[in-house]
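Engineer: Sequence order for the protein chains is A and B. Numbered per the numbering used here, the first sequence spans residues 1 to 269. Numbered per the numbering used here, the second sequence spans residues 270 to 538.
Hints in this document: simulated from the structure, not taken from any laboratory. Each hint can be trusted.
In silico DSSO-like cross-links for lysine-lysine, where the CA-CA straight-line distance does not exceed 30 Å:
1) B:Lys-490 / B:Lys-373
2) B:Lys-335 / A:Lys-221
3) A:Lys-221 / B:Lys-490
4) B:Lys-373 / A:Lys-257
5) A:Lys-121 / B:Lys-490
6) B:Lys-335 / A:Lys-104
7) A:Lys-104 / B:Lys-526
8) B:Lys-514 / B:Lys-288
9) B:Lys-490 / B:Lys-335
10) A:Lys-245 / B:Lys-373
11) B:Lys-526 / B:Lys-288
12) A:Lys-66 / B:Lys-490
13) A:Lys-66 / B:Lys-335
14) B:Lys-373 / B:Lys-288
15) B:Lys-526 / B:Lys-335
16) A:Lys-245 / A:Lys-19
17) B:Lys-390 / A:Lys-221
18) B:Lys-373 / A:Lys-221
19) A:Lys-121 / A:Lys-19
20) B:Lys-514 / A:Lys-104
21) A:Lys-104 / B:Lys-373
22) A:Lys-104 / B:Lys-490
23) A:Lys-19 / B:Lys-373
24) A:Lys-66 / A:Lys-221
25) A:Lys-257 / A:Lys-19
26) A:Lys-104 / B:Lys-288
27) B:Lys-490 / A:Lys-19
28) A:Lys-221 / B:Lys-288
29) A:Lys-66 / A:Lys-19
30) A:Lys-245 / A:Lys-66
31) A:Lys-66 / B:Lys-373
Quick caveat, the model's predicted, so the values are computed rather than measured.
2 protein chains.
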Amino acid sequence: MQQAIAILDSGVGGLTVAKEVMRQLPQEKIIYFGDTARTPYGPRPAEEISRFTHQIVDYLLQFQPKMIVVACNTATAIAIEEIRARLTIPVVGVIHPGARAAIKTTRNHHIGVIGTEGTIKSSAYEHALRQISPQIQVVSLACPSFVPLVERGMFRTDETTRVVEESLSELRNYPIDSLILGCTHYPFLADIIGSVMGSRVTLISSADETAREISTILYHKGMLATSNIVPVHQFFCSGEPRMFKSIAQTWLNEQIKVTPVVWQVPNII
Amino acid sequence: MQQAIAILDSGVGGLTVAKEVMRQLPQEKIIYFGDTARTPYGPRPAEEISRFTHQIVDYLLQFQPKMIVVACNTATAIAIEEIRARLTIPVVGVIHPGARAAIKTTRNHHIGVIGTEGTIKSSAYEHALRQISPQIQVVSLACPSFVPLVERGMFRTDETTRVVEESLSELRNYPIDSLILGCTHYPFLADIIGSVMGSRVTLISSADETAREISTILYHKGMLATSNIVPVHQFFCSGEPRMFKSIAQTWLNEQIKVTPVVWQVPNII
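Given these sequences and hints, build the entire structure.
Structural biologist: If you want it as structure tokens, here you go:
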């Protein structure tokens, strides 16, 4: 199947998924959409997150993708079931892959989850974890200041270290052995988060795990790319493309072309 | 869905998958079949492996399982496509999960595979790895003496250490950073294999990864168990059940009941 995998996010966070898909499935073409004009999604009302997600999916459908990946935890938590119900192609979110990986990793059944306010408020990870394994103890924490830091490209500044330390201090009182990075932006801050939490806590990146689930599902549906031609990926963002392009090129370690998309409906927060 | 997951293997090897399914999906009921009367499968002709696998699947279908797991690399390599073609329930093998996990793990694109003669001769891992990522370099090695050691319960003897050292010595000349344990019996010997290969090589257990793929597929098909009742698993083996029971109880760390099954057709090697 030579159709693309369409990946969407509120901004640059989904690039952590895109990078892993490129690494684990180098023959697959990717179409990426970052809604940078309206990031962050985390603090928005559920109705708005749902509407935005449907709008991006509609935009991506023009390319006839073989799969939609909602590479945003907030959008997955709020809208994945609706999106799945209205499409015939597979729709993959980032919450269940992260939950499954955490269950595989934990030895003491104590799992931490950090995410945006929207994701944590939805209890989507708790629900996913308990649906699979009722004995799991979950502690969840919203970290609303992380996404804006990542969208501004501040991955290693002193301010970022200070914010991460302050945000996670409460979490260190719990006996968790695994911490789900429940937002695709957080792998950009993984080094700092890892050193704050210490070596006894394993960080679970939904990004890596989602890429593997994409591979699993494409294989089981007989939809893996069969061509050996190196795919040319396409990138779209709704905001000013310069910062998006700079972050994307650094993260993916390759030159890319970014097409700006202007939403017809103005965005009023 | 309260139906069981049926897991089959040539002997005790598939218990490495069963144990991970119990850990990662504690609500799922398992029906396990070990064909201990006819183990090992590795050196047998493909036609015979295929016939045995179909026969076990037919036996397991009487329990109306919701999924068949071919937890034997040799049987997966030879017969999975045939089994999948004739059933409407999902059929999961152990080769693609292992391949996907190795691709996720490797950083230098050099992957080693060890397995039975049947598995290595089939090139099933090479095919799976290259189908997903053509740039991967694969080195494969058959280790026919490992399965009989495991079926006799010799996990930590001096003889086992000597056999593992001798068998793997050639493999140490290759720059692999990941080694697929391409036989579900091999996790029983993981400690010895790991110390022989050294810390720069990551061992990939298909068992762990298969359990996660089972979780992924059941979730995406809406087939996860929904009851909170602790499931009672069932175990069957075709040979004398005492050794099977002893190994299974030690490995699973729980008491189990084993039902012996006598094949109507005598087995002549």
